[in-house]
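Visitor: Single-letter residue listing:
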Amino acid sequence: MPAGTLYRGREGMWSWVAHRVTGVLIFFFLFVHVLDTALVRVSPEAYDDVVSTYKTPIVALLEYGLVAAILFHALNGLRVIAVDFWSKGPRYQKQMLWTVVGIWVVLMVGALYPVLGHAVRELFGS
Amino acid sequence: MSDTTLTKSDGTSGVGPVEGAPVYDVDNPAPYIEAPRKRTSKTPRSTRGNFEMAAWLFMRLSGVVLVVLVIGHLLIQLVLDGGVSKVGFAFVAGRWASPFWQGWDLLMLWLAMLHGANGLRTVINDYAERPQTRMWLKGLLYAATVFTVLLGTLVIFTFDPNIR
Ligand code: HEM
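Taken in sequence, the protein lines are chains A and B. Just so you know, we're using our numbering here: the first sequence kicks off at 99 and counts up by one. Just so you know, we're using our numbering here: the second sequence kicks off at 7 and counts up by one.
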């Protein structure tokens, strides 16, 4: 690590990096998502055409990644809020991060079938 | 190193030979360095503006609300009733027939866009160091944010299920 850096590594820094990267990703997604939804003002066909491309296996995988980013950002955001407002927050920031990661893993396993199920059926037949 | 404050009571310099002779003296005074945060004619009357604090608080308050709105949205769109396979114009029409879901989506749009835009403002402030770069990136960010919020709001309010 270079001398005099503010970056300290470990749970604190890497959770911040992940929070920042996911936040920026979600923002760019949201921009595109408002544009695609605006197609309902063009015509039902224009909207359904675009949404039908979202039902392909590759986009399903991207969607799973998006869900991963949002769930991490949301859970870790609550952790950041706890660190800032709960008097014992800073002391338990590490434990809270591993709690966040644990809940995140459980939710991601739970999202496997709903988000990727249709893609698997399409790829390998039902 | 180069100040002359280490003066002993007998008037001789307290800076020993190891440090070297002082560079500045009476005829060659050290440049005057202003105290940090010194008030100048350009300093606003109050330097305790609270915009950044409000922005900080907004990130946390909007975050809490967004957890409910966004997770609910993901559940409805991607998990319940067959996931994304069911989504189409008819599905949108069904949901926006209800003022409740219109309100939900409107609040989610505004909070997420303002939260995300303020977050990106922080990121730009952190990494873009040249004033010109900062100005252009933030200008682009604000323009895209206003455009997206207005477009989304318009679409929610003017949605027409019988468009043809
Ligand atoms: C789902 C609920 C969400 C929660 C609980 C949440 C929470 C937070 C919190 C507490 C911060 C401040 C972090 C800090 O000051 O260090 C933050 C930053 C940020 N959020 Fe969110 N957020 C959520 C959703 C979103 C969404 C939907 C977007 C995108 C549109 C987003 C984009 C960002 C960005 C870009 C940052 C700045 C990251 C940084 O400065 O490193 N967040 N979030």
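These are calculated hints, taken from the structure and not from any lab test. Yeah, the Cβ is synthetic: ideal placement off N, Cα and C, and Gly gets one too. Any given hint might turn out to be false.
Here are the computed lysine to aspartate or glutamate pairs in the EDC-like style, where the Cα-Cα straight-line distance is at most 16 Å [as the list claims (entries may be wrong)]:
| # | chain 1 | residue 1 | chain 2 | residue 2 |
| --- | --- | --- | --- | --- |
| 1 | A | LYS153 | A | ASP134 |
| 2 | B | LYS92 | A | ASP147 |
| 3 | A | LYS153 | B | ASP132 |
| 4 | A | LYS192 | A | GLU109 |
| 5 | B | LYS144 | B | ASP132 |
| 6 | A | LYS153 | A | GLU109 |
| 7 | B | LYS92 | A | ASP146 |
| 8 | A | LYS192 | A | ASP182 |
DEER-style ranges, computed between Cβ atoms [claimed, not checked]:
| # | chain 1 | residue 1 | chain 2 | residue 2 | range |
| --- | --- | --- | --- | --- | --- |
| 9 | A | GLY200 | B | ARG101 | 30 to 36 Å |
| 10 | A | VAL199 | B | ARG43 | 40 to 46 Å |
| 11 | A | VAL204 | B | ARG101 | 53 to 59 Å |
Short, incomplete list of chain B residues facing chain A, as computed with Cβ under 10 Å [stated by the list, open to error]:
| # | residue |
| --- | --- |
| 12 | ILE39 |
| 13 | ALA41 |
| 14 | GLY94 |
| 15 | GLY100 |
Visitor: Hint by hint, note whether the structure agrees.
Guide: So, going through the hints one by one against the coordinates:
Only pairs whose Cα atoms come within 16 Å are accepted, and A:LYS153 paired with A:ASP134 is accepted, the gap being roughly 14 Å. For the proposed pair B:LYS92 and A:ASP147, the alpha carbon gap of about 13 Å is at most 16 Å, so the pair holds. Of the pairs offered as hints, the one joining A:LYS153 and B:ASP132 is violated, with about 38 Å between alpha carbons and a cut-off of 16 Å exceeded. Restraint check for A:LYS192 and A:GLU109: satisfied, since their Cα atoms lie roughly 6 Å apart, inside the 16 Å limit.
Between B:LYS144 and B:ASP132, the direct Cα distance comes to roughly 12 Å. Compliance with the 16 Å bound is thereby established for this hinted pair. In summary, the hint linking A:LYS153 to A:GLU109 is not supported, as the alpha carbons are separated by about 36 Å, beyond the 16 Å threshold. The hinted pair formed by B:LYS92 and A:ASP146 meets the criterion: a straight-line CA distance of about 11 Å does not exceed 16 Å. Taken as a hint, the A:LYS192 and A:ASP182 pair is honoured in the structure, with Cα atoms around 14 Å apart against an allowance of 16 Å.
Roughly 33 Å separates the CB atoms of A:GLY200 and B:ARG101, a value that falls within the hinted 30 to 36 Å. Our hint of 40 to 46 Å for A:VAL199 and B:ARG43 holds, since their Cβ atoms are close to 41 Å apart. Roughly 28 Å separates the CB atoms of A:VAL204 and B:ARG101, a value that falls outside the hinted 53 to 59 Å. Annotation: B:ILE39 was flagged as interfacial toward chain A, and the flag is violated, the nearest CB pair being 22 Å apart, outside 10 Å.
Interface restraint check for B:ALA41: the shortest CB-CB distance to chain A comes to about 24 Å, outside 10 Å, so the restraint is violated. The beta carbon of B:GLY94 comes within 5 Å of a beta carbon in chain A, closer than 10 Å, and the hint placing it at the interface holds. A cut of 10 Å between beta carbons decides the hint on B:GLY100: the least distance to chain A is about 12 Å, and the hint is violated.
Of the numbered hints stated above, those contradicted by the structure are hints 3, 6, 11, 12, 13 and 15, listed in ascending order.
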